[in-house]
Amino acid sequence: GAVVSQHPSWVICKSGTSVKIECRSLDFQATTMFWYRQFPKQSLMLMATSNEGSKATYEQGVEKDKFLINHASLTLSTLTVTSAHPEDSSFYICSARVGGSNTDTQYFGPGTRLTVL
Amino acid sequence: GQNIDQPTEMTATEGAIVQINCTYQTSGFNGLFWYQQHAGEAPTFLSYNVLDGLEEKGRFSSFLSRSKGYSYLLLKELQMKDSASYLCAVNSGYSTLTFGKGTMLLVSP
Numbered sequence: 001g002a003v004v005s006q007h008p009s010w011v012i013c014k015s016g017t018s019v020k021i022e023c024r025s026l027d028f029q030a031t032t033m034f035w036y037r038q039f040p041k042q043s044l045m046l047m048a049t050s051n052e053g054s055k056a057t058y059e060q061g062v063e064k065d066k067f068l069i070n071h072a073s074l075t076l077s078t079l080t081v082t083s084a085h086p087e088d089s090s091f092y093i094c095s096a097r098v099g100g101s102n103t104d105t106q107y108f109g110p111g112t113r114l115t116v117l
Numbered sequence: 001g002q003n004i005d006q007p008t009e010m011t012a013t014e015g016a017i018v019q020i021n022c023t024y025q026t027s028g029f030n031g032l033f034w035y036q037q038h039a040g041e042a043p044t045f046l047s048y049n050v051l052d053g054l055e056e057k058g059r060f061s062s063f064l065s066r067s068k069g070y071s072y073l074l075l076k077e078l079q080m081k082d083s084a085s086y087l088c089a090v091n092s093g094y095s096t097l098t099f100g101k102g103t104m105l106l107v108s109p
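Line by line, the protein sequences give chains A and B.
Its first residue numbered 1, the first sequence is counted upward by one per residue in this note's numbering.
Its first residue numbered 1, the second sequence is counted upward by one per residue in this note's numbering.
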């Protein structure tokens, strides 16, 4: 149980285009999902917390107009990188929290590697 | 602010025991997680500690001392497949996790 999927697993795009990444909880409902970014040899950095049916909460320094998050259902959250630039190239990972408690475990998707040319 | 420290790299031999330490200073504490991450893959959950003491799960054990802001992950009977990055993460409240930079463990024959 507690499987999280992401699509696509990798994407290459031109500078200035937008890219949408999907995160799905396959066998459970997730009221809260999280989006992280990880640069090579760096730790995971939380970008935003996504709550079903409400606006995402962004971490300091993350542009909400550039990284659009939509959590339309209890099993799907999407991250859209708008007007992507080479510095946005990174490994984007989502996680979903099982259960409704703050101490519940987060399970991670397999990640999406974005390369912006 | 939040600060989580763990060694950058460690090496060990197949069959041996290795202990990966993690110290933290966070504004709140709601539990500590250990994750394993192979290169190019997402982290996978290993353990969770919220109370002081040792939690054992097969070859892996995790210890927590809240008063010292300290945890360790103990890996026994090391296997080659254990070569990975091990991430210490603290839930400092409101379910957000703050991750350390990870400890790259290399297991040699």
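In case anyone wonders, no lab produced these hints; they're calculated from the structure.
Treat the hints loosely; a few may be bogus.
What the hints assert, rightly or not - Not everything, but these chain B residues come out facing chain A in the computed CB check (under 8 Å):
1. F29
2. E41
3. A42
4. P43
5. F45
6. L46
7. F63
8. T96
9. L97
10. G100
11. K101
12. G102
Note that the Cβ used here is the ideal one computed from N, Cα and C, for glycine as well.
Closest C-beta approach of A42/B to chain A relative to 8 Å, hint status: holds, 4 Å
Given hint F63/B near chain A, where the shortest CB pair must fall under 8 Å: Violated. Min distance 18 Å.
Interface restraint verdict for G100/B against chain A (beta-carbon cut-off 8 Å): holds, 6 Å
Minimum beta-carbon distance criterion (8 Å), F29/B to chain A: violated, 11 Å
Agreement of hint F45/B with chain A interface, Cβ distance less than 8 Å: holds, 6 Å
Restraint outcome when L97/B is required to lie within 8 Å of chain A by C-beta distance: holds, 6 Å
Interface hint compliance - K101/B to chain A, C-beta minimum distance less than 8 Å: Holds - the Cβ of K101/B comes within 8 Å of chain A, reaching about 4 Å at its closest.
Satisfaction of the L46/B interface hint, Cβ to chain A closer than 8 Å: violated, 10 Å
Cut-off 8 Å, beta-carbon criterion: hint that P43/B touches chain A: holds, 5 Å
T96/B as an interface hint toward chain A, with CB separation required under 8 Å: holds, 6 Å
Interface restraint verdict for G102/B against chain A (beta-carbon cut-off 8 Å): holds, 6 Å
Satisfaction of the E41/B interface hint, Cβ to chain A closer than 8 Å: Constraint on E41/B satisfied, holds at 7 Å.
In summary, the structure is inconsistent with hints 1, 6, 7 from the numbered list given earlier, while agreeing with the others.
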